[in-house]
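Chemist: Heads up: the sequence shown begins at 1 in my numbering, then just goes up one per residue.
Simulated from the structure, these hints should not be mistaken for laboratory data.
There's no promise every hint is true.
Computed list of lysine-lysine pairs in DSBU-like fashion (alpha-carbon distance at most 30 Å, straight line) [stated by the list, open to error]:
{"no.": "1", "residue 1": "K78", "residue 2": "K93"}
{"no.": "2", "residue 1": "K78", "residue 2": "K55"}
{"no.": "3", "residue 1": "K111", "residue 2": "K93"}
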Amino acid sequence: MSTILIIAIVVAAVILVALAATFARRRAEQRRLERERLAKEAAGHRQEADAHALKARELGGEIESHRRQAEEHRNLAKQHQVQAEAHQAEAEKREERVPREGRAAAFHDEKAAEREEELG
């Protein structure tokens, strides 16, 4: 084999090795950049997940508070209903007395007028 051919083969081999190394470095850099991008996205999603989990816990406490308040209002409404019925019954009872009291007032007014006539 000629020296030039050997040199050409060696040069071609060196070029191929250099190209392969360059390609491998580029590919490794692309994988590194892709991992960084994915890590940033994962971190962003983790942060969002944490924020939503915190909000869910807060809402859980708020829900329980609203349920307790709703129960308290239902109990108060029942008490108010009982009180309203008692007041209504008392109003009806007193309403029945109005005509009787009116008749008694008229009777006593008439008797007072009679006594005043006798006096004078």
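Chemist: Would you mind marking each hint as holding or not holding in the structure?
Modeler: Outcome of the hint check:
| no. | hint | result |
| --- | --- | --- |
| 1 | K78 to K93 | 23 Å, holds |
| 2 | K78 to K55 | 34 Å, violated |
| 3 | K111 to K93 | 28 Å, holds |
In the structure shown, a violation is registered for the earlier hint numbered 2 alone.
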